[in-house]
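Here the sequence shown is numbered in this note's numbering, starting from 1 and rising by one per residue.
Among the hints, erroneous ones may be present.
[Stated by the list, open to error] Once the Cα atoms are required to be at most 30 Å apart in a straight line, the calculated BS3-like pairs of lysine-lysine come out as:
id : residue 1 : residue 2
1  : LYS145    : LYS130
2  : LYS90     : LYS106
3  : LYS145    : LYS238
4  : LYS198    : LYS134
5  : LYS134    : LYS40
6  : LYS110    : LYS6
7  : LYS40     : LYS233
8  : LYS143    : LYS204
9  : LYS34     : LYS142
10 : LYS142    : LYS233
11 : LYS106    : LYS130
12 : LYS110    : LYS142
13 : LYS233    : LYS259
14 : LYS91     : LYS110
15 : LYS142    : LYS204
16 : LYS130    : LYS91
17 : LYS272    : LYS110
18 : LYS259    : LYS91
19 : LYS90     : LYS233
20 : LYS145    : LYS134
21 : LYS34     : LYS272
22 : LYS6      : LYS177
23 : LYS40     : LYS106
24 : LYS143    : LYS40
25 : LYS177    : LYS106
26 : LYS6      : LYS34
27 : LYS259    : LYS272
28 : LYS204    : LYS233
29 : LYS177    : LYS40
30 : LYS130    : LYS198
31 : LYS110    : LYS130
32 : LYS106    : LYS6
Hints were generated in silico from the structure; no laboratory data involved.
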Amino acid sequence: MIEFVKMHGCGNDYIYVDCLDGNIPSDPNGLARKISDRHKGVGGDGLVLICPSERADAFMRMFNADGSEGRMCGNAIRCVGKYMYDNVCKKENIEIDTLSGVKYLKMSVKDGVAVGARVDMGPAVFDCAKIPAKYDGECIGKKIKIAGGEYTVSLVSMGSPHCVVLCDDPDALELDKTGPGFEHDPMFPEGVNTEFIKAVSENKIRMRTWERGSGETWACGTGSCAAVSACVKLGLLKAGEPNTVSLLGGELIIEYTDKTVFMTGEAVTVSKGVYFGDGE
Numbered sequence: 001m002i003e004f005v006k007m008h009g010c011g012n013d014y015i016y017v018d019c020l021d022g023n024i025p026s027d028p029n030g031l032a033r034k035i036s037d038r039h040k041g042v043g044g045d046g047l048v049l050i051c052p053s054e055r056a057d058a059f060m061r062m063f064n065a066d067g068s069e070g071r072m073c074g075n076a077i078r079c080v081g082k083y084m085y086d087n088v089c090k091k092e093n094i095e096i097d098t099l100s101g102v103k104y105l106k107m108s109v110k111d112g113v114a115v116g117a118r119v120d121m122g123p124a125v126f127d128c129a130k131i132p133a134k135y136d137g138e139c140i141g142k143k144i145k146i147a148g149g150e151y152t153v154s155l156v157s158m159g160s161p162h163c164v165v166l167c168d169d170p171d172a173l174e175l176d177k178t179g180p181g182f183e184h185d186p187m188f189p190e191g192v193n194t195e196f197i198k199a200v201s202e203n204k205i206r207m208r209t210w211e212r213g214s215g216e217t218w219a220c221g222t223g224s225c226a227a228v229s230a231c232v233k234l235g236l237l238k239a240g241e242p243n244t245v246s247l248l249g250g251e252l253i254i255e256y257t258d259k260t261v262f263m264t265g266e267a268v269t270v271s272k273g274v275y276f277g278d279g280e
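Please construct the entire structure, taking both the sequences and the accompanying hints into account.
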C-alpha cells in the first residue's frame with residue numbers, strides 16, 4: 001500500500017511518492033511500470049520518488065513508464081519543488097539533487113501554495129561524446145540520415161540526451177510511427193528524447209516530443225531547454241531573452257545563456273491517493 005500524489009507540469013503527469021523517511025520501494029522499476037499504467041494503475045508518464053539528500057533539500061529519482069530510470073526531468077523537478085514547499089519546508093529557494101547534479105529552484109507562490117517554479121537547469125551540452133551520440137564534435141542544424149530518413153537535427157544534452165528536429169508542421173506528424181525510430185537509432189547508445197519543432201516567431205517555437213521510455217508526452221522540460229538552446233545556436237531565437245515553447249499541454253518559458261538555461265513553468269497537484277499494487 002503506497003501513498004502517492006499525482007502532479008503535472010503542462011500535462012506531463014507523474015506519480016510522486018514521498019520517500020523522505022528513507023523507506024524507498026524495493027523495486028521502483030517494476031512499480032513504475034505498474035503504477036503508470038493508465039488502465040490498471042494510477043496512470044502517468046512515470047514515477048518520481050522524493051528521497052532524502054545529504055547535499056540538497058531532496059533527491060529526485062525519476063522512472064519512465066517502461067521502468068527505465070531517467071537522469072533528469074524538467075517538469076517533474078518543478079513538481080518536486082512544489083511538494084517540498086507545500087508539505088515539507090516553506091522555502092522559496094529550494095535545491096533538488098538529481099542524477100544530473102543539484103538544480104536550483106525559485107518557487108512561485110500564491111496564497112501560501114507553490115504554483116510553479118523557475119529552475120536553473122545548468123548549461124546545455126553540445127559535445128556529442130557527452131550526450132552521448134555517435135557523431136564527431138557538435139551537431140547543430142546538420143542534415144543527416146537517421147531513423148530511416150534524412151532530417152535536419154541538432155544534438156543537445158540537458159542532463160539527458162536530446163535530438164532536436166526541424167520540421168514544417170509538428171502537428172501533422174504521426175509521432176507514434178516516427179518517434180521510435182529516433183529513440184532506438186544506433187546513433188544513440190543510451191536512446192534519445194526527440195523534439196520536433198518549428199519556429200513560429202522570433203521568440204516562440206511549437207514543439208512535440210517523443211520521450212525515451214514513455215512515448216509522446218504533453219510536455220518535456222529538458223526537451224524545451226534543448227530545443228531553445230539549439231534554436232539560439234541556429235539563429236532562430238535570441239540568447240538571454242525569454243522564449244516561449246508551445247506544447248500540447250501548455251507553455252514553458254526558456255531563457256538560454258552561455259552559462260546556464262532557465263526554465264519557468266507551472267506545477268499542479270491533481271490528486272492524492274493510495275495505490276494497492278496488485279489489488280491485495
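Going down the list of hints, with the structure as the test:
1. In summary, the hint linking LYS145 to LYS130 is supported, as the alpha carbons are separated by about 21 Å, within the 30 Å threshold.
2. As the CA atoms of LYS90 and LYS106 are separated by approximately 12 Å, the hinted pair is consistent with the 30 Å bound.
3. For the hint linking LYS145 to LYS238, the alpha-carbon distance of about 28 Å falls within 30 Å, and the restraint holds.
4. Note on LYS198 and LYS134: the hinted pairing holds, with a Cα-Cα distance of about 25 Å set against a maximum of 30 Å.
5. Between LYS134 and LYS40 the CA atoms are separated by roughly 38 Å; this puts the pair beyond 30 Å, and the hint is violated.
6. For the proposed pair LYS110 and LYS6, the alpha carbon gap of about 20 Å is at most 30 Å, so the pair holds.
7. Proposed proximity of LYS40 and LYS233 is contradicted: the alpha carbons are some 44 Å apart, above 30 Å.
8. Between LYS143 and LYS204 the CA atoms are separated by roughly 23 Å; this keeps the pair inside 30 Å, and the hint holds.
9. Restraint check: the Cα-Cα separation between LYS34 and LYS142 comes to about 39 Å, which exceeds 30 Å; the hinted pair is violated.
10. Among the hinted pairs, LYS142 with LYS233 is consistent with the structure: their alpha-carbon atoms are about 12 Å apart, no more than 30 Å.
11. With a C-alpha separation of about 28 Å, the suggested pair LYS106 and LYS130 falls inside the 30 Å cut-off, and the hint holds.
12. Restraint check for LYS110 and LYS142: the C-alpha separation of about 44 Å exceeds 30 Å, so the hint is violated.
13. Between LYS233 and LYS259 the CA atoms are separated by roughly 14 Å; this keeps the pair inside 30 Å, and the hint holds.
14. For the proposed pair LYS91 and LYS110, the alpha carbon gap of about 13 Å is at most 30 Å, so the pair holds.
15. Proposed proximity of LYS142 and LYS204 is supported: the alpha carbons are some 21 Å apart, at most 30 Å.
16. With a C-alpha separation of about 34 Å, the suggested pairing of LYS130 with LYS91 is violated against the 30 Å cut-off.
17. Straight-line distance between C-alpha atoms of LYS272 and LYS110 comes to about 20 Å, which keeps the hinted pair within the 30 Å bound.
18. Distance restraint check for LYS259 and LYS91: the Cα-Cα separation of roughly 25 Å lies within the 30 Å cut-off, and the hinted pair is therefore satisfied.
19. At most 30 Å may separate the alpha-carbon atoms for a hinted pair to count; LYS90 and LYS233 exceed this at roughly 38 Å.
20. Straight-line distance between C-alpha atoms of LYS145 and LYS134 comes to about 13 Å, which keeps the hinted pair within the 30 Å bound.
21. With a C-alpha separation of about 17 Å, the suggested pair LYS34 and LYS272 falls inside the 30 Å cut-off, and the hint holds.
22. A hinted pair counts as satisfied when its Cα atoms are at most 30 Å apart, and LYS6 with LYS177 qualifies at roughly 29 Å.
23. The straight-line distance between the Cα atoms of LYS40 and LYS106 is roughly 36 Å, outside the 30 Å bound, and the hint therefore fails.
24. At most 30 Å may separate the alpha-carbon atoms for a hinted pair to count; LYS143 and LYS40 exceed this at roughly 42 Å.
25. Our distance criterion of 30 Å between C-alpha atoms is broken by LYS177 and LYS106, whose separation comes to about 38 Å.
26. Straight-line distance between C-alpha atoms of LYS6 and LYS34 comes to about 15 Å, which keeps the hinted pair within the 30 Å bound.
27. Restraint check for LYS259 and LYS272: the C-alpha separation of about 38 Å exceeds 30 Å, so the hint is violated.
28. Proposed proximity of LYS204 and LYS233 is supported: the alpha carbons are some 15 Å apart, at most 30 Å.
29. Only pairs whose Cα atoms come within 30 Å are accepted, and LYS177 paired with LYS40 is accepted, the gap being roughly 25 Å.
30. For the hint linking LYS130 to LYS198, the alpha-carbon distance of about 26 Å falls within 30 Å, and the restraint holds.
31. Annotation: proposed proximity of LYS110 to LYS130 is violated, straight-line Cα distance about 39 Å (limit 30 Å).
32. Restraint check for LYS106 and LYS6: the C-alpha separation of about 21 Å stays at or below 30 Å, so the hint holds.
Figure legend: structure checked against the earlier numbered hints; hints not met, in rising order: 5, 7, 9, 12, 16, 19, 23, 24, 25, 27, 31.
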